[in-house]
Structure formats: structure tokens, C-alpha cells
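Trainee: Residues per chain, in single letters:
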Amino acid sequence: MHEDLNWAIGGEAGDGIDSTGKIFAQALSRAGRHVFTSKDFASRIRGGYTAYKVRTSVDKVRSVVDRLDILIALTERTVDENLDELHDGSVIIYDGERTEFSDFEAPDDVTGLDVPLKSLAEDAGGAIMRNIVALGAVCEVAGFPIENLDESLEKKFGGKGEKIVENNKEAARLGADYVTEEFDLAFDFDLETTDNDYVLLNGDEAIGMGAIAAGCKFYAGYPITPATDVMTYLKGRIENFGGHVVQAEDELAAINMALGAARAGARSMTATSGPGIDLMTETFGLVATSETPLVITNVMRSGPSTGMPTKQEQGDLNQMLYGGHGEIPRFVLAPTTVAECFWKTIEAFNLAEKYQTPVYLTADLAMAVTEQTFDPETFDMDAVEIDRGKVVDEDDISKWQNEKDQFKPHAVTADGVSPRAFPGTEGGVHMSTGLEHDELGRRTEDVDVRVEQVDKRQQKVTTAEEEEDFSYREFGNPDSDNLVISWGSNEGTLIEAMDYLDQEDVDVRLLSVPYIFPRPDLTEDVEEAEDVVVVECNATGQFADLVEHDTLTRVKRVNKYNGVQFKADELAEDIQEELA
Amino acid sequence: MSSNVRFTDFKSDKQPTWCPGCGDFGTMNGMMKALANTGNSPDDTFVVAGIGCSGKIGTYMRSYALHGVHGRALPVGTGVKLANPDLEVMVAGGDGDGYSIGVGHFIHAVRRNIDITYVVMDNRIYGLTKGQASPTSRSDFETATTPEGSKQPPVNPLALALSAGGSFIAQSFSSHAQRHTEIIEEAIEHDGFSLVNTFSPCVTFNDVDTYDYFRDSLVDLGGDDADYDPSDREQAKDKILDSEKEYMGVLYQDDDVQSYEQAHGVEGNMADIDTDGAPDGAMDLVREFY
Ligand SMILES: Cc1ncc(C[n+]2csc(CCOP(=O)(O)OP(=O)(O)O)c2C)c(N)n1
Ligand code: SF4
Chain L
12 MHEDLNWAIG GEAGDGIDST GKIFAQALSR AGRHVFTSKD FASRIRGGYT AYKVRTSVDK
72 VRSVVDRLDI LIALTERTVD ENLDELHDGS VIIYDGERTE FSDFEAPDDV TGLDVPLKSL
132 AEDAGGAIMR NIVALGAVCE VAGFPIENLD ESLEKKFGGK GEKIVENNKE AARLGADYVT
192 EEFDLAFDFD LETTDNDYVL LNGDEAIGMG AIAAGCKFYA GYPITPATDV MTYLKGRIEN
252 FGGHVVQAED ELAAINMALG AARAGARSMT ATSGPGIDLM TETFGLVATS ETPLVITNVM
312 RSGPSTGMPT KQEQGDLNQM LYGGHGEIPR FVLAPTTVAE CFWKTIEAFN LAEKYQTPVY
372 LTADLAMAVT EQTFDPETFD MDAVEIDRGK VVDEDDISKW QNEKDQFKPH AVTADGVSPR
432 AFPGTEGGVH MSTGLEHDEL GRRTEDVDVR VEQVDKRQQK VTTAEEEEDF SYREFGNPDS
492 DNLVISWGSN EGTLIEAMDY LDQEDVDVRL LSVPYIFPRP DLTEDVEEAE DVVVVECNAT
552 GQFADLVEHD TLTRVKRVNK YNGVQFKADE LAEDIQEELA
Chain Y
73 MSSNVRFTDF KSDKQPTWCP GCGDFGTMNG MMKALANTGN SPDDTFVVAG IGCSGKIGTY
133 MRSYALHGVH GRALPVGTGV KLANPDLEVM VAGGDGDGYS IGVGHFIHAV RRNIDITYVV
193 MDNRIYGLTK GQASPTSRSD FETATTPEGS KQPPVNPLAL ALSAGGSFIA QSFSSHAQRH
253 TEIIEEAIEH DGFSLVNTFS PCVTFNDVDT YDYFRDSLVD LGGDDADYDP SDREQAKDKI
313 LDSEKEYMGV LYQDDDVQSY EQAHGVEGNM ADIDTDGAPD GAMDLVREFY
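Respectively, the protein sequence lines represent chains L and Y. For the first sequence, our numbering assigns the number 12 to the initial residue and increments by one for each residue that follows. For the second sequence, our numbering assigns the number 73 to the initial residue and increments by one for each residue that follows.
What the hints contain is simulated information worked out from the structure, not anything from laboratory work. Where hints are given, some of them may not hold.
Simulated crosslink set (EDC-like; lysine to aspartate or glutamate; CA at most 20 Å straight-line) [unchecked claim]:
id, chain 1, residue 1, chain 2, residue 2
1, Y, K86, L, E456
2, L, K166, Y, D356
3, L, K419, Y, E360
4, L, K419, L, D404
5, Y, K83, L, E96
6, L, K167, Y, D356
7, L, K365, L, D386
8, L, K33, Y, D348
9, L, K167, Y, E360
10, L, K71, L, E203
11, L, K246, Y, D356
12, L, K166, Y, D85
13, L, K419, L, D457
14, L, K401, Y, D348
15, L, K419, L, D449
16, Y, K83, L, D416
17, Y, K86, L, D457
Start from the sequences and build out the full structure, keeping to the hints where you can.
Mentor: What follows is the structure, encoded as C-alpha cells:
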């Protein structure tokens, strides 16, 4: 019996792979099991191979693995694509009427179960339910009580009427019964349920939820994989909290709309991926110069140019750090888990408003589209704190006016942060501009004022470094000589990789860094360690370069840039090699 | 809104650096008067400006304002208006700003029908960059970048707006002070997107589209004794596509379509948020993921 089970459904895009996978993942989560999902998808909507993978365990699961125990193969290609993940004891469920098992060149001890998915679905009320028949069959094979599917089916099909829900439940039962009756086999799986309550969500959803929790009311975006889910999540929800989502005509418009809303006083956000970030870079400078609080989410995918839209990469770090002409103060936050996507989004809004700067919030594709289970308390709304920074109202405004009663939106202060007056505030009238300006916001080329304003904007970063806790998350053996540093979604995989390393008697200290700029000072940690390895999903080691720059020490690098996220065992091997 | 606002309250103490005689003076005066006449105050007005000589308007007017990047003023205005629909939002810029680099945003702002007033100071030239062809320049107009003329037909912004479903399409002339003010007032009062293409001559770089030219050739459709009906779309189309004559006044107005804000139920001021923590009911968001 395996500690955890890896299940997948694969077929052509358009086969309903995602929704079927999601139904199963939700059923597991509701049954008190931990779940980690991943998607294999092509950027075509029809004709491309796609798969939805679910890893489940009673214990927390944090990454994908190279092993498949049960596979629903709606096409032959599904088997080909997953061949090296099948092992002795794996089970493939297929429909002989559509897929020929003889064509599979599967390992000998893989069991193929020919289940007439389509016919059984028709018996239950329609061929469209064949995936649900397959799910029923999976429940039987996996030893997972089929009742657990019911609630997921209700959630998925409830809107279509009671009859449809009942038909789907029936379809699942027909699938399960078929396995019991037709195959005299004992399977080696037993998915026990627990009383634990979990929620299941992905990084994009966590960012959207974090935005609403933070009081964000305005979102403008332009669809792009893999950031679109943020917009999809907010649409239909943010309105319940007095907000609004605009699908803009392009990213230039999106960021400018978000900027406008922020200047009107709203907590405002846009989200995009690499190509969109390029387009937004023009306005990014205006956001910084006009000292407008704005959260810009970059869900990274593989670049450059259109690159590989549906594939994992962490290649935009330099773009976020250095993008834009001139010198621009900014924050770059990079949550390291799905749960952190929620909390860092809230922090991003607070930082943006406290320091009146643009904040890049970046997730990578692997985290954005990956669902994970969490204790609902992980997203404790009572713990959310809101800091709007130096907003002034009618009563305070006179403190920030000059002798002509003109408001100074760019007043030079010790901490670099000026007062903010929302439009409508009496006495707060002012203009703002992308041109270099004086304290009133008026264009200037005065050499002293220029230097004063540049210093003022830069001072905000220094202040933030003093006032905020830009620290790292630490795992493993704190006294180990082997230091591993990572950022973004690699954290979960590294935590699991440490188990593999443990078996080889290799211990490591892992620092997972959620702040790219400003970032924690790693000098001491690096100096104390014997070997330092920086792990990231890009070719050149952009974060490793920063570590070297900060610590003046050479570090080792583990990089992956084929479009696929790290897997724990593979990562363990790579790290061990670097440490040797 | 205070009722005793005078138009000079909308004037900043910054002296314009426009060339003496530039059409932009008249355009801006009309905007300030129209704002005051329609009962707005600087505290409740937001002016978004583009880039160009025209874009400097945000500096010379007194209101909440943003002077953005080239061509993107309309999206900024859109964001401001949606975040706080109580604000009077005016967007201003040049023909290059609005119909060249920003033409995509223009079309979409028109079709969204967001309730903002867009004043384009159309001088048929690039002023600030010192005299290159603009999208509204005549095809035979010689400039530094088009020594033999552009040999391309000019953009017809009114036609673009009409085809995109524009609900208020007007043309004005900066030196007809009173008519100009009236037209902008009507634009402000219209619930939806209002385009006011305003001829605003560049006395330094354009010796073709001059004050005299507009004074002599423009046909006013409005005014006291006109019998033009701006709600007649066919008639508006004929005027807008007329290649012989140019018109001023409100060429087309449709009062029946909903503004974007009305259609989407956007009303509250989004600046108001709960600073004690997450908004009420936020825990329901988590429960959805069970
Ligand atoms: C992205 C970008 N490209 C080019 C420019 C240079 N530029 C400044 S103003 C301008 C043209 C302005 O023409 P118009 O909008 O007609 O305004 P006018 O100066 O005639 O009032 C250009 C091209 C710029 N500021 N930004
Ligand atoms: S260059 Fe032309 S548009 Fe610019 S200020 Fe002078 S007259 Fe006006």
C-alpha cells in the first residue's frame, strides 16, 4: 500500500479533463485528505493533449512526483505521455470502444481495465457523463467510498437541476459497479478518509481572494495565461464587496485604468504575465513617479516573447527588478506557497499604500494553476490587517499646504512618504505627473528639486527596509553546512526533496525567500555555510546573481528551464550532485 | 458641490507656456467655464491629460489631475470615474495623443460609453515635437516628416466615434468662445462618453489649418436659429462623412443608451474601505473552496 496516491485523467483538450479532475480533487479534499494537483496542458483548446494530475495523502503533500498509480486514459496518447510514470501495480482505466489497449506499450504489470465508459454513461442518461463513469471506477479501484463524490457532483452540476445531479451520481455508481462485477481483482489502494476540513484552491484564486480581503475594489486586466484566473476569480465576487472588474482592451489600458482608480483612492490591482508586463512597463514608471499605490501581479510563464504560454518558468525576475527606463523605486514580492499568495497579496496592498509605490507581486505558473489543500484557518480573515498609509482628510490638510494653501502631494519628508489626499477632499486639489516635479506636483528641471525628489522616492525603500520585516522562511537543519536557497513555488518541492536527501544522510538548511526587492540580507547565512546552492526555474540563475551580488560570494546553481517544474526526487539528486 | 464656484477657481497660478495665440488657450477657457457653469468645483473634478502641448492643460487648470504618458489618458480617466463616479472626469489631449498612439483606447472608451468628457485639441499637427504630421493632417500637408505630404487620408475622429457606437459626438472651435463653452457644457451633462473634437490652431507649425480657415469654413449646426436634430443618426452620418464641409456643434447625441456605470451598477466611492480588517463576509470566500 502506498502512503499517497497519484491519479490522473488525460485526453484531448475539450474532453472535460479539468472539470473531471477538479471533481475528484474536491471529493478527496472534502473527505479530509490532502491534495496537490497539477496540470499538463497545451495552449491549444482542441486537439492538444492535456492531463490533470491529483496527488493525495493523509499527510500534507507539496509537490508533484514521477509516479502514477491510477490513470484514466481517454486517448492512447495519454498512456504514451505518461509511460515512464507507470509502475508495477498501476491501473489504467480506458474505454475499449474508443481506445485500444493493445496499442499501449505499458509495463507488464500494469493492469488495464476496459470499462465501457460511453455505454454506461448512456445508460445513466447521456454519453457526456463518461468521465464521471470513469471517476466511479476510480473510486472502486482506489478503495475510496463513492459517496464522497456526491457533494462534488452536486456542487458542479447543481445549477443544472436535480435530474442532472442524479444522473451523474448514477453514472459514477455504474462505473464503480462495473469494476466490482467484471474484474475479479484486488487492488492495492485504500484511500482512507478523515474528519479534517480542508479547502482546495490554487495560487491565482488565493491572489484574488487576498485582494478582496485587502479591500481591493478595482481590477483591470487583459486575458493571458496563466494570470487570467485572477480576473475570473474576481469577476462575480468583487462586486459583492462594492468593487468592479474591467476587461481592458490591452495591458496598456489595464494598468492605466488601475492607476486611475488608485489615484481616485481605490485599492487597485492588475494582473498579467510576461508579455503583458512588457507592455505595462511604460506606465510602471508613471506609477512610481506619480507615487501611486498599485499592485501589479505577474504570473510568470516561460519566455521570452510568447515563449511557452502554458509552461513553468521563473524568468521575469530581472524584468521586475530592472524593467523601465530611469531608476524606479518598487517592491517585488514573491509568495512561496499557495497560502502565501493570499497573505502576500494583502501585504502588497499595504506596502503599496504605505509607501505609495508600485508593487510587483509574482507567482509562477506552477503555483498559480496548482491546487492545494489547506486548513481553512490558514486564510483567517480576522487576522487581516489594513494599513492605508498617510491619507489626509479635510481636518489635517492644512498641515500639508504651502503658504498659498496649495496641497503638496510630493512633500519631502524624512521617511520619503508624502501625504495622500483622495479626490473630493476639500483643500487637497493637486496634480500629478510623470514629469519630474516639485512638491506640488509641478513640472521642474531645477537641479536641486530633481535631486531632492529622486532622493525622496528612494528614501521610501530605505524606510521600508527599516520598518518592515523582509525575512525568509527557514526549513531543515538550522545547523547544516549545506545551505539551499530558493524563491517562488520551489519551496514545497524542496521540502519534499529534503526527505529524499535525508535518506542519503544529507542534511540541508533551506531558506525560502519571498522578498525579491527589498530582500533579506543573506550574507551571514552564506558565509556560515560550506556549500550554497540556489535553486530556480530559469536558465541563468537570476536570483543566484542577486545573492552573489549581495554577499560577494560565489554560489552554486540548480536551474531548470524546460518548462516543467522541479520534482522532489530529481531536485534531491541535483542538489546532492552540487554538494558533492 | 459648491454653487458659488467661479471659472477662475479652475485656473492654476501657473502661467501657460503655450505660444502666444495658441488655440489651446481658448479650448481651456471654455472647459473651465463649462465646469463652473455646470456646478462643478475643483475639489470634485478630475482632469486627465495626455502628452503634447495640449496635454499641459492639467498643469494650468486647478483640479485633481493627472498628466500621464502619451496616448493613455482615456484609460486613466476610465479608472478614476469607475473608482469614484461622483467625480466629474474630463480627459484632454491632442490629435496625436488621441488618434495616433491612443486610437485603440479611444475606440474602446467610446464603445464602453463611460461617463467622461473627452476634449481633443485638434491642431492637425504635432506641436510639442515641433511640427510633424499628425493623424488628422491633410494628405498633402508638408511637414518635416512628410516633405511631400503624407499621401494618406486623415483620420476622421467623428466617424470613428459614430461607428464605435458613440453616444455624444461634437466638434468645436476654440476661438468661438461662447459656442465652445456651450458645447462642452452639453458634453458634461451627457450621461455617457462625450467626444468634443476641438479645433485648436497651432500658430507655430500649421499654416494651413488656421484661425481664418476654420472661421471661414466651419458650418455651425447648433446655435440659436439652427434646426439640426442631433438625435437623427442618419443625418449625423451624412454630416460626419461630408467631404466638402466641416461642421461644428453637437453632431450626434443618443440619450437612450446606458452609460457603462449604469449598465454595470457601479456607483459607490471605492476609496471607502473598512480599515479594521477584511470586509464583512470575507470568510464566505474561504468557504467556497470546501
Ligand atoms: C511613448 C512616447 N512616444 C513619443 C513621445 C513624444 N511626443 C511628445 S508629444 C508628441 C505628439 C503630440 O502631438 P499632439 O497629441 O497632436 O499634441 P500637440 O503637441 O500638437 O498639442 C509626441 C510624439 C512621447 N512623449 N512618448
Ligand atoms: S507649438 Fe503649436 S500647439 Fe504648441 S503651444 Fe505653440 S502654438 Fe500651441
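Trainee: Hint by hint, note whether the structure agrees.
Mentor: So, going through the hints one by one against the coordinates:
no. : hint            : verdict
1   : Y:K86 / L:E456  : holds (15 Å)
2   : L:K166 / Y:D356 : holds (16 Å)
3   : L:K419 / Y:E360 : violated (45 Å)
4   : L:K419 / L:D404 : holds (13 Å)
5   : Y:K83 / L:E96   : violated (72 Å)
6   : L:K167 / Y:D356 : holds (18 Å)
7   : L:K365 / L:D386 : violated (30 Å)
8   : L:K33 / Y:D348  : violated (35 Å)
9   : L:K167 / Y:E360 : holds (12 Å)
10  : L:K71 / L:E203  : holds (14 Å)
11  : L:K246 / Y:D356 : holds (16 Å)
12  : L:K166 / Y:D85  : violated (62 Å)
13  : L:K419 / L:D457 : holds (17 Å)
14  : L:K401 / Y:D348 : holds (16 Å)
15  : L:K419 / L:D449 : holds (9 Å)
16  : Y:K83 / L:D416  : holds (14 Å)
17  : Y:K86 / L:D457  : holds (16 Å)
Violation of the numbered hints given earlier is confined to hints 3, 5, 7, 8, 12; the remaining hints are satisfied by the structure.
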